[in-house]
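The working numbering applies: residue 243 is where the sequence shown begins, and numbers increase by one.
Check the hints yourself; a few may be wrong.
Straight-line distance between alpha carbons at most 35 Å, and here's what the computed DSBU-like set of lysine-lysine pairs gives [stated by the list, open to error]:
1) Lys-292 <-> Lys-256
2) Lys-256 <-> Lys-281
3) Lys-265 <-> Lys-292
4) Lys-292 <-> Lys-281
5) Lys-265 <-> Lys-281
Have a look at the derived ranges for each label pair, beta carbon to beta carbon [said to hold, decoys possible]:
6) Gly-253 <-> Gly-279: 32 to 38 Å
7) Gly-253 <-> Leu-289: 17 to 23 Å
8) Val-284 <-> Asn-255: 32 to 38 Å
9) Gly-253 <-> Leu-275: 27 to 33 Å
Rather than coming from a laboratory, the hints here were simulated on the basis of the structure. These figures come from a predicted structure and were not determined experimentally. Where is the CB? At the ideal position from N, CA and C, for every residue including glycine.
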Amino acid sequence: MGLEQLTLETGLNKVEVAIALLKAWEPQEGYYLAFSGGKDSVAIYDLAVKA
Numbered sequence: 243m244g245l246e247q248l249t250l251e252t253g254l255n256k257v258e259v260a261i262a263l264l265k266a267w268e269p270q271e272g273y274y275l276a277f278s279g280g281k282d283s284v285a286i287y288d289l290a291v292k293a
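All chains should be modelled from the sequences, with the hints used to inform the complete structure.
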């Protein structure tokens with residue numbers, strides 16, 4: 243599903259969907275994140291902070 247289709251069908255963007263999934267599937271003890279400073283780590287860290 244592309245970004246445009248996702249936005250049109252749900253009214254949400256990919257960031258909002260990712261945050262909702264992180265909140266819905268969060269383990270009781272929370273998440274553990276490894277951070278290397280690369281672009282993937284920065285993106286995941288940003289999502290975790292926003293969640």
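Structure-based check of all given hints:
Straight-line distance between C-alpha atoms of Lys-292 and Lys-256 comes to about 13 Å, which keeps the hinted pair within the 35 Å bound. Between Lys-256 and Lys-281, the direct Cα distance comes to roughly 17 Å. Compliance with the 35 Å bound is thereby established for this hinted pair. For the suggested pair Lys-265 and Lys-292, the alpha carbons sit about 10 Å apart, so the restraint of at most 35 Å is met. Under the criterion of a C-alpha separation no larger than 35 Å, the hint pairing Lys-292 with Lys-281 is consistent with the structure, at around 17 Å.
Note on Lys-265 and Lys-281: the hinted pairing holds, with a Cα-Cα distance of about 22 Å set against a maximum of 35 Å. Distance hint for Gly-253 and Gly-279: a CB-CB separation of about 34 Å, consistent with the stated range 32 to 38 Å. Between Gly-253 and Leu-289 the beta carbons are some 19 Å apart, a value that agrees with the proposed interval 17 to 23 Å. Between Val-284 and Asn-255 the beta carbon distance is about 18 Å. The supplied range of 32 to 38 Å is therefore violated.
At about 28 Å, the CB distance of Gly-253 to Leu-275 agrees with the hint of 27 to 33 Å.
Hint 8 alone, counting from the list given before, is not met by this structure.
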